[in-house]
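Visitor: Residue strings, one per chain:
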Amino acid sequence: MDINVAQLFQTINLNVIMPEVILSVLGMALLLVNVFVPSKSKGYLAWLSLIGIIGAGFVAVTGWGTTVSSFNDSVVQDSFSIFFKMIFLLAAGLAVLISDQYMSREDCNHGELYPIILFTTVGMMLMAAATDLMTIFLGLELMSISLYVLAGFNRDSIKSNEAGMKYFLLGAFSTGFLLYGMALIYGVTGTTRIAKIAGLVTQVGGAGNTMLLIGMFLTLTGFLFKIAAAPFHMWTPDVYEGAPTPMTAFMSAGPKAAGFAAMLRLLLVVFPAMKAEWSDLLWILAVLTMTVGNFTALRQDNIKRMLAYSSIAHAGYCLVGFASGTATGMSGILFYMLSYTFMNIGAFAVIVLIGKKGEPNGTVMDYAGLGHKRPLLALAMTVFMFSLAGMPPTAGFIGKFYLFSGAVQAGYIWLAIIGVLNSAASVYYYLRVIVFMYFKPGEEEFDWFNVSAPVALALVVSAAGSLIPGIIPSLLLQFAQQAVKLI
Amino acid sequence: MFDNVWLIPLFPLIGFLINGLLGKKIKNETIIGSIGALAVFSSFIVSVLTFIKLIGLPSAERSVNIKIFTWMTAGTFNADIAFLIDPLSCLMLLVVTGIGTLIHIYSIGYMHGEEGFYRFFAYLNLFVFSMLLLVTGNNLLLMFVGWEGVGLCSYLLIGYYFHKKSAGDAGKKAFVMNRVGDFGFLLGTFTLFWWLGQNHGIWTIQFTELAKNANLFPTGGVVTVITLCFFLGATGKSAQIPLYTWLPDAMEGPTPVSALIHAATMVTAGVYMIGRMSFLFIRSPETMMTVAVVGACTAFFAATIGTAQNDIKRVLAYSTVSQLGYMFIGMGVGAFTAGIFHLMTHAFFKACLFLGSGAVIHSMHGALHHIHSHDDAQDMRNMGGLKKYMPLTYATFLISTIAIAGVPGFSGFFSKDEILWQAFSNPLHGSVNMLIWGLGAAAALLTAFYMFRLVFMTFHGTCRIKAGAEKHLHESPMVIVFPLLVLAFLALVGGYIGIPKLLGDVFGGIPNYLEHYLEPVFANANEYMAAHAHHAEHSHSLEWGLMGLSVVIAFVGIAIAYTLYMASPEIPKKFTSAFPALHRAVFNKWYIDELYDFMIVNPCKSLGRFLWKGFDVLVVDGIVNGVAHVVMAFGGVIRYMQTGQIYNYAWSMTFGVVVIIGYYLFK
Amino acid sequence: MSNILSVMTFLPIVGVLLLLFIPKGSNGALRSVALVTTVVTFIASLPILTGYQTNAEYQFVENVPWIAAGPFAMRYNIGIDGISLWLVILTTFIMPIAVLSTWTAVEDKVKEYMICLLILETAMLGAFISLDLFLFYIFWELMLIPMYFMIGIWGGKNRLYATVKFFIYTLVGSLLMLVALIYLYFLGTKTGITDFSLVHFFDLKIDPATQTWLFAAFALAFAVKVPMFPVHTWLPDAHTEAPTAGSVILAAIMLKMGTYGFIRFAMPLFPEATHQFTPLIATLAVIGIIYAALVAMVQEDVKKLVAYSSVAHLGFVMLGLFALNEQGITGALLQNLNHGISTGALFLIVGFIYERRHTRLITDFGGLSKQMPIFAVIFMIVTLSSVALPGTNGFVGEFLILVGGFESSLRWWTIVASSGVIFAAVYMLWMFQRVMFGELDNPKNQALLDLNAREIAIMVPLLVMIFVLGVYPNPFIEKMTPSIKKVIAHTRIEPVTTAKVAVPAVAPATEAAPPADHAAPVQPVTEPAAEKPAAH
Amino acid sequence: MDISSVFFALVTVVAIVSALMVVTCKNPINSALSLVLTFFCLATYYAMLNAPFMAAVQIIVYAGAIMVLIVFTIMLLNIRVDANKKSSHQVALGSVMGIITLLLAGLFLTRGKVMQPVGGITTDMINKLGHTELIGKVMFTDFLLPFEVTSILLLVAIVGAVILAKRKLS
Amino acid sequence: MDNLNNYLIVSAVLFSIGTIGVLTRKNAIVMFMCIELMLNAVNLTFVAFSRHLGNLDGQIFVFFIMTVAAAEAAVGLAMFIAFFNNRESIDIDDANLMKW
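Protein chains in written order, with the working numbering: chain A, 1 to 487; chain B, 488 to 1154; chain C, 1155 to 1690; chain D, 1691 to 1860; chain E, 1861 to 1960.
Do not take every clue at face value.
[Unchecked claim] No more than 27 Å apart at the CA atoms, straight line, and that leaves these computed lysine-lysine pairs for BS3-like: (1) A/Lys-440 <-> C/Lys-1178; (2) D/Lys-1856 <-> A/Lys-42; (3) A/Lys-440 <-> A/Lys-275; (4) D/Lys-1827 <-> A/Lys-196; (5) A/Lys-275 <-> A/Lys-373.
[To be verified] Reference listing, derived: stretches of chain C covered by chain A, where coverage requires no fewer than 3 residues with Cβ under 8 Å from a Cβ of chain A: (6) 1220 to 1232; (7) 1536 to 1546; (8) 1582 to 1589.
Read the hints as simulated data drawn from the structure, not as lab findings.
C-beta: ideal position from N, C-alpha, C; glycine also.
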């Protein structure tokens, strides 16, 4: 039972986790750079991170179309993981771009922010790429712990503290369930490698094996918590509201996608045999999530909180596609998470710009008159809002189209109908922002804020990303299809 | 052969376009008036030529369709812009363009100095155009175009003095009431078109085609439905019960309008239409009886109102309604020729009467204006003794009055007597004939009475106009008097083209020209009647007796009028005070307008208001907004689940886990 | 030019790009560019009219792949036939008028306004020419956005309520249609349909129960847009608050989307359901006619009155469509155009006086004829066209609708609907009388100016069209006829009903054949009466 | 009933009682100390399960490191008792939910079917080769990646703790 | 099997007690300790399974869970300190700025 080192190294293909390695190394380097470069402004760290993120992206893309596993099957590089890695990198890149202006304004411009964002990204990427319960768990925890820090990053802000604390306690609590679930799965199958588990599921009785079934559901709850599905969603509004805005943006896009990535892999690879069971559950949760998210968002004045509820609702839409269990719906999730990253971070970028120190002006009413004073900014916000609302010709529409199509294809007509009705209700609160921006005069003298270059870049990218895939979605959709097909 | 027929409606249309578009620029009244009159006169010339051509044909071929272009065609439905020239339409052409020309000429004088002079002539030309379409259209739809067109012009011309609210109201009333009739017309058209096509595969609305296939129609049944619908149309246009109330109000329009539209031409469209569709009407005994009874009732009813009116034009208006009733009696008893005959003679004498009254009003108005009096120039109580100021007007007016009263030798006598005789003797309605005849005769008595009351109050007796004004009264200019003379002449002699056979035989076999002339038009109807109705033989003596009775009735009416308004003028006042309620009721037109307001207009408005405020806003929109409110309220409630307390959140998570696990454990 | 349709449709977007480069303040330039764009678009649409071959085929077709992913394939598939031809022309015809109509009324944010108008034009044209269901849906939804802004930014006092109501109301309907659309597509994939092109779906045999649901979803979306009673309540609000151009476009073109949707999609795709729903829709249409007329009668606001009159008019159109015979559908399509012209003109007219007096209350007016004779004449003509006086356009359409309705199974409905002609006269003329006739007693009205050259220039084309369509509609009808025949053919229920097939299907196929043959001669009995062949 | 069963029962009683004390003690310090006791019980279980290395790590990491950190924090913040009154409905609802969880857990645990032993790790092997070595081999072959990830995880935790707990510099 | 089940039941009991603690306590640190208790229960499950299956993967998992628990403790306690610095309390009732 000696360890054959040569043999061990044969199992290791670093290329598979090269993007993660790049980001980790970069993160550590930036920690050092931050200490040794005596610059008050931390903007350069943002640019450095961005370069790393783009680099990681390029490295990641090269593996498209292939399926290579490494580390004794504990991690894999396939189109599915690459697609999600792109989403995470995108979210991280955009978050990095909009952070500096916000953090400088809020006086918590600590250079550690960027490494932590990068480590979070590493965690998310591992979640998407992991083929071992343990790797999934560690990826999840790496992501979560970093996010706890990011949520409470503005330590002088009571709201930020509160957000961090709530996120931490509830996150850790949900981890308990997740682990219990994993323990049960392990107990029934005797392994943590999901490929092996998958092979054993029917052998141990499939859905008839209660312990396995419950293990699956408990594991699922852990991910449902991350994607903010009802009734595991309650942390979302508070944390989103309290966390620093760029981090909220990041949190709303990245971890949600990561949660879906892990869930997709778990349910599609490991438990396809129990589709009847999980599909039923997700059906109900989708309805619940959409409804709770949308209906509560209707009554929100605080725009961050409103977007938090809206993000719950969007998780619900994705669950619609998930519940369908069809390739259409699944690819819809991938596409939707990508476009959601664009449009939601875009919207938060606008919030970053509008906000003042301490965010005393976080309500929808504070957007009154924006359409006349900053037409371009308002136009961008309009694009994001319409995209979130799912109006053609935005990416949001195509995404929803595929999600609901999946449901229809699987015969869940009512689910699709509830989905579209929810979507119609959601239009009200997205339109409300537009109403204030364009149809109401601004009350006071308008403060001219500057739009820093990184934020402007983020806005342009987000707007383009919300709009262009709405008009020519074919390519992205095909990528999403391939990604889903390959797992 | 009749290639130039399209010119007939074209001239007035051109006149309308010139006056309507450029009239404001032209400004010169003479030119505008001339254009208007010339347009109609040109039509008249062409009409005469057409008429001559037509009677040159053998009587069997006197029905010519001239297609101009295809108007619309969709599926089985096809309608052309095409004209039908036959004896009936030709007769109407002559009447319309002839009288039209005269009235245009008259209007040049009458409307002198009015604001919007050009507008008046434009409308008048447009009216003539529409009327010509109505009478020459070879299919129901084109007829309907004219039908609505004349209604529009009537609306426009009644509302000519649009700044007067009453004028606007009257115009609207006329249009809406006509629309009610049009509704019937449309339904009739639809049913006719559908039934024939459905059952016999003949999809047509063309008159000649329909007439050709008349024998396919059954007696009664669907034909009753169709014809009653058409008759509803006719009551609207021709002001019969129950849709007659607009006509008296229509007197708000300038007098030439009353003469042309509301006496001579438009209002007779209903009669004309029944004549056109005689082959169909005759096949429904029920409808025929309805037509006759409604006509008789209207004749009598309107006449009663006419006896108590003081406005000179209103008297004439009710008289018109009453006379139209006669025409409908004629149609309803199968005496189509007689009906058309009365239409024609009535056009002559009633146009003359209206124009005469117009001359009087014109004169009165001028006189009152001179002394800055605001007395009503149309109120007969302000008149009296005008004959010495306006002798020519008086003469023509008198001739026409005698004609309408039914004094033998004048045109009205022939036509009216023919109708009454047919009402009495026709084979269609059995014992109801007596009722129809009785009402007709009573109406004749009242007609003679109120018409002579009118003459006596206006032209005879003492002059009651405000002191100082009488010296400004004067005879009208030639441009006004000339049409009067022509029309009076026609009223005098017009009856001789339709001398009843009985009289004609006495005078050496003078034929009934009109009956001969119109024979092909009504051939189908007459054949049918001959075949299906049992003809009772009536002796000549009975006919003579009734004719004599008519004459007696006419003279009795005149005598009563003379007694009451010349010999002992205090009797009417006594009568009024003896039966105040009756007088008030008659004076207020039996409160029919009020009844309509109460029964239809107000409920409609209330219903509309209720539907708007009560239903649309409250219920329909209420549901919509209610859903929104419920959603919002729901959102407002469930947001409080979000307490901000971590243990609640944790509890909710645990709850979720427990429910999920529990569900799958106990499933 | 083979891609003339695309050129026409996206010309306004070119205009938008131009507008973006014009500085904000220069209103004159902005307006001119917008006007020129719309005029050029109109000119670009003329070759379509002249090049149109009178047959039932789709013409000027452009069909290129657009999206292809997963089970779906959407194509950029556009083309026109007799049904959409005139609506396209109507759109390009109305747009310059709409631009001109608010030449002076909109002083604020002209650039944004014109951009909205032009985007709207593209969206509307796109919806009319789409032959791909998905593409249609995109354009259909896209229309909402600029209109939402137009009402919301340049609208009246209560604009927020109106515009949000308009948006969500129409969205709810169309989203359900989206679900139905997807469902339909998946039904199609079972029989080998591989993309959203409309033509594929005509041959789809869908069982009646499914058709019922699909039709209901489609019909709801279209009925909201039409709008039919009882989902009409957004219309009065939207119309009242919208700026003139918005009202004109809304009435003249956007409402047509609803009826267009019915005839293009709902009816031919779901023939059985169409027959099944005919009584219901006809009932709602007739209720709409009478109800809207009664409500219109008592309105105090001219614009609201006109809005309700739209509901009544569109009721006629719906009745005509569901007569399901050539006369009815021809009439309905014609009435579509007529309503576009007449009601568009009415809204322009209301706009004129609103611009002068800043009120639309009927009681604020009276006797305007004296002060504004030209206006009075134009108003009169348009009013008469709206009450369907023969000789004007309104009559031809309405008459054909009623004839068609009478010939079809909807006879009794048609009889009731015919009474609408009375009500129309009542409310329109009463309104006209109160506004234009009577004493000119309000001192504010005594200083009113008559229409200026621009305003007359706007109205003249509409007036011309009122008479052209009224007097010589046949060229218009002729171009539509083949397509209408085709739609009717699609709408016709197959002679062998599914129930009949179901029984022998159990038996061997050889035995099943004779009953099917026997069933054919029985068919005319079940067929609606109107479809009997004409005798001549 | 053999001696191991008695011992198991004894440990179980201690573990559950101390766990209950964690939940019920008013003073956080008492809770913390009870928790330490629970950890010891768990270590005992691990030892009974033939996992001596895990028992050691349990003591060192949990009882040693984590609990010290917690106690340190409690002392640092000088927290004595729950300042606010407990709301009884919270306790009731929480307890009910916890008990239901327990019941359900009992159900699914007893109903489940566990794989028969699949691995080759037997008591003999552990005794022969040593638990630590076995663990080490598996960890550095099959679970090398997770192991590496923990390094980043800990780094983040350190950096995060520093960032969060640092007092404002000004 | 008996043996395994005993351990599993014990761990389930401990897990439930932990859950009850999280749901009933208001002191954030105590809540965190209860979460630790839950994690330990899971650990016990893992080890019991591992032992039963004769497979060390479960114990490796426990090892990582411990690491994560340590990391969480570090971050969590730092968070509590930050919160305490601002609010002078560690009671979660005081974490109620954001709600509804």
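Visitor: Now tell me if each hint is right for this structure.
Guide: Structure-based check of each hint:
The suggested pairing of A/Lys-440 with C/Lys-1178 holds, with an alpha-carbon distance near 20 Å, which does not exceed 27 Å. Restraint check for D/Lys-1856 and A/Lys-42: the C-alpha separation of about 19 Å stays at or below 27 Å, so the hint holds. Simply put, A/Lys-440 and A/Lys-275 have alpha-carbon atoms about 50 Å apart, too far for the 27 Å limit, and the pair is violated. With a C-alpha separation of about 20 Å, the suggested pairing of D/Lys-1827 with A/Lys-196 holds against the 27 Å cut-off.
Distance restraint check for A/Lys-275 and A/Lys-373: the Cα-Cα separation of roughly 52 Å exceeds the 27 Å cut-off, and the hinted pair is therefore not satisfied. Coverage of the segment 1220 to 1232 of chain C by chain A holds in this model, with 7 residues showing a Cβ closer than 8 Å to a Cβ of that chain against a need of three. For the segment 1536 to 1546 of chain C, the assignment as covered by chain A is violated, since 0 residues bring a beta-carbon within under 8 Å of that chain's beta-carbons and 3 are needed. Chain A is given as covering the segment 1582 to 1589 of chain C, and this is violated because 0 residues of the stretch bring a CB closer than 8 Å to a CB of that chain, at least three being needed.
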